[in-house]
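Protein chains in written order, with our numbering: chain X, 1 to 253; chain R, 254 to 544; chain F, 545 to 830.
It is worth saying that the hints were derived from the structure and are not from the lab.
Be aware that a few hints might be false.
[Claimed, not checked] Label pairs and their calculated CB-CB ranges: (1) R:P341 <-> X:P57: 45 to 55 Å; (2) R:P341 <-> X:G42: 28 to 38 Å; (3) R:P372 <-> F:S546: 31 to 41 Å; (4) R:P342 <-> X:K74: 18 to 28 Å; (5) X:G236 <-> F:R625: 21 to 31 Å; (6) R:P341 <-> F:R625: 10 to 20 Å; (7) X:E133 <-> R:R437: 27 to 37 Å.
Backbone N, C-alpha and C define an ideal beta-carbon position, used for all residues, glycine too.
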Amino acid sequence: MSAAPILSVKSVYKNFGGLQALQDLSLDVLPGQVCGLIGPNGAGKTTVFNLITGVYPCSQGSIQFGDVELTRLKPYQIVRRGVARTFQTIRLFQNLTTWEHVLVGQNVPARSSREGIFSAGGSQKKNLKEEAERILNLLGLWEVRSWKASNLPYGTQRKVEMARALATRPRLLLLDEPAAGLNIQETADLQKTLHKIREMGFTLLVIEHDMRVIMGVCDFIFVLNFGQKIAEGAPGQIRANEQVIEAYLGRET
Amino acid sequence: MFIQQLFNGLMLGSTYALIAIAFTLLMGILNMLNFAIGEVFMLGAILGLTFIKLGLPIYPAFLLAVLLAGVVNLVIERFSFRPLRHAPPLVPLLSTIGFSILLQNTAENLWGSERSQFPQWMEPVDFHVGPLLISSTQIIIFAVAVLLMVGLDLFIQRTRTGRGMRAVAESIETASILGVDSTRIIVITFFVTGVLAGASGILFGLSFSIVSPFMGIEPGIKGIAAMIVGGMGNLRGAIVGGIFIGITEVLSVAYFGAPAKDFAVYGALFLALIIRPQGILGMIQAEKERI
Amino acid sequence: MSSYYSDLFSAMGINILLALSVYCPLATGQLSIGNAGFMAIGAYVSAMLTVHLHLPLFPALIIGGTFAGVIGLLVGFPALRIKGIFLAMVTLAFGEIVRNFFMNFLTSLTGGAYGFRGIGNVPVSLLWIWGAVAFFLVFFFFLAPSRLGLCMIATHDDDTVGELMGINVVYLKVGSFGLGAFIAGVAGGLYAHYYLYIEPEFFNVWQSIHMVLYLIMGGMLTFWGAALGAGIFTFLPEMLRFLHDWRGAFFGIIIIGLMIARPAGLLTREILRVDFWFPGQKGAKF
C-alpha cells in the first residue's frame, strides 16, 4: 500500500443555517483500505458522504481524491472520477430492472473510451456486458436480473444498490449503512461480499451501526460525535477507547 | 387616471384573490393543485343565475349556488384525491384536469355555450371620492370579498377545525398521531375551497356581467398565477398575489392596450416560477432533498 | 384514398408526433403542458418561410423545428430547478405567452388573430407526415433501450441519485426538453402545410393538454404508448359519434378513471418486455 491517501478530508466544516453539522473534520483513507465511519445517530456521518459526493458544498475546508480537489466539482463529475456510493434509505430507480440498474451505473465506464452515444459498439460493449454479468453474479443477483426494482425484497434491493455503485467502476466506494435492516443471514452474506470486494482491490469507506460488520472487515475506524472526530485507529484500539465507549455504546451483538 | 386604474385593479384583484385562496388552501394542506377550481368558480355563477331564473330571491339563490359549488368540490375530492393519496403528485393534477373537461362540457350541454349575465339587481350608483369614480356594485363586491377573506382567516386561526387544517398542512402523519381526523379536515377544506371559488364566480359574474361555461378558464389560470406570485401555502400570499395580478392586468391594458393583458399576467407567472418560485411572501421552501 | 380518410390519417400522424413531443421530456421526469406553443412556433416559422421566402418544404420544416427546439433549450435551462407541478405551470405559461405573441406580433406576416391563410405553396401529403412519424419512431426505437434511454428513465425516477451515479442530469433534461420542442415544431410545420391555414387560437392550453392525454391513455413512459394513445384519441371521436356533444364529458370521465385505475397508461415498460409474456428464467417478476 502506498503512503499517499486516496481520499483526504482536510479541516472540513459544514453549517446548515444555524446548525453546525461538521466541525474541523479531517480524515485520510489509504488505497486498498476498508475504513469504518461510526458514531451515534446525528453525528454527521451521512453528511460527510454528502460532502464527498458533492451533494452539498463544504462551508470550509477541502476534500481531495487522489490529486483532484472535489469541493469544486458537481456530483456527476465526482462519480466520473471514481467515487461511488450507496444510500442510507434505499434509493433505486423504480422503473428499472436489476440488470438495467447495472447498465445505468455503467454509463461512467462506457464514456471513458469516448464511444458513441447509443452504447459502445465492438469489443468494449462485450467487455461491459461481461463485467455486468460478473457484478451480478458476485452479489447473487443473476436470478433476479429481470425483476423490477420495486418488486424486490429489501435485502436484495440493498444488493442492487451496491451492484449499481460497483458498475460505475469506482476506485472508492462509500457504503451508507449497508447492513441496515438485514437479518443475521443477510448480514453474514454482506460481510463475505465486503471481503470479496476488498480483495478485488476496491477502497471502502463504510458507515455502519452493526459492530460485527465494522470490526469484522475494517482496517481502520473513524469515530464521529456531534460533528467532530473523537477518535481514530485500528479496531482493537477503538474497542478499548473510553471516549468512544462513553459516547457511543456500540452494539456488540 | 393612474389612481383610478389602481383602484380598478384592486377590485379585480380581490376576485382573483379569492380564487387564489381556493388554490393555495389546498396546496398548503395537501400539496395538490386542483385544476378544476376554475370550473367550480364557473358553476357557482351558472347555478346562481339558474336559481334566480327559477324564481328564487337573490340571497338564497347565491347561497344555494355556493353550497352546491362546495359539494361539487367534494365530488372532486372523492375521485381525484382520496384514491390517489399515494400517487405521484402529477396524477391528481391530471385527474382534476379530467374534471375540468368534464365540468366544462357538461355545463356547455346543460346551459348552452352562449354568454348570459346576471339581471340588474340594484341600481348602480356612482360615487366620486376625490379623483376616483367608484360604483356601488364595485363596493359591495369588494366588501363581500374582504368579508370572506377575513372570515376565512378567523376560521383558520381561531377554530378547532382551523387548527386542524394547519396541523395537517404541517404534516398529515403527525396530525393523525395527534388525534386530528385528517380525512375530515381534508373534506372540509375541499368544501370550503369550493364555496370560495363559487362565491368568487358569482362576484366575478356580477362585476363583469358575464356568465358562461367558459368563464372559469382564464380566472382559473390567473388564480394559479396569483397563488404562485404571491407565495404559496399561505392566505396572505394569495391575497397579495391576487391583487398584484389584478393590478398588473388592469394597468397593462390601460397603458399598452388589450393584447398586453395576457402577456403581463402569464409573463409574471413565468418569471415568478423561474426567478423566485416561492413568490412574494415566500413561505414554502424548496423541497429539501434528504439523502 | 378519400379525403375523409386522408384527413383522419394525417391527423393521426400529427397527433403521434405531438404525443412523442411530450413523451420525450416526460421520459426524464418533466411534464410539459405547453407544447402547443412549440407547435405554434414550428407552424408559423415554417409557414412564413415557404410563403414569404418561397423556401422548399423540407428546409422550412427543419428550420421551423429547430427554432422551436432552440427556444425549448432556452426554456428548459431555467426550468431545471423547478419540479413537478411547478414545471407544468411554467410550460403552461410559456404556451400561453407564445399564443399571445402570434396573436399580437408579426401580424403583417402572419395575419395575427385572423389567421394565416394560403399556406399552399408546398402542400404536404400524407407521405410527408408519416415519413416524419416513421423517422421519429425509429429514432426512439433505438434510443429507448439504449444506455442513454435507460439513463433518461433513471433521471425520471430519481434525478438526484441519477446525478450521483454519474449521469449529467442537466444535459439529459434540457436536451430532452429541447428535442421534444423540436418534434412539436416539426409537427406544427406539417400541420400548417397540410391544412393550409393556422390561427393562434388553435395553439392553446387545451391543445397542449390533449397531447398529454394521448400519453396518459397510451402509456406515459413508452414511445409506443405515445403512438397508441394518439391513435386511440384520433379515432375515438369518430367511434363515439353517438355521444354527440357529450364527447368532452366522456373524455373527462375516462381521464379520471384512468388515473385511479391505471395511471401509467396502457403500454407500460413491463408489458413491452418479451419476458413479461414468456418468463424465461425463474419467476421473472414485474
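Consistency of the hints with the structure:
1. R:P341 <-> X:P57: 45 to 55 Å: Since P341 of chain R and P57 of chain X have Cβ atoms about 29 Å apart, the given range 45 to 55 Å is violated.
2. R:P341 <-> X:G42: 28 to 38 Å: The hint (28 to 38 Å, Cβ to Cβ) holds, given that P341 of chain R and G42 of chain X are roughly 30 Å apart.
3. R:P372 <-> F:S546: 31 to 41 Å: Check failed, 51 Å falls outside 31 to 41 Å.
4. R:P342 <-> X:K74: 18 to 28 Å: About 27 Å separates the Cβ atoms of P342 of chain R and K74 of chain X, which means 18 to 28 Å holds.
5. X:G236 <-> F:R625: 21 to 31 Å: 49 Å, violated
6. R:P341 <-> F:R625: 10 to 20 Å: 19 Å, holds
7. X:E133 <-> R:R437: 27 to 37 Å: Because 55 Å falls outside the window, the suggested range is violated.
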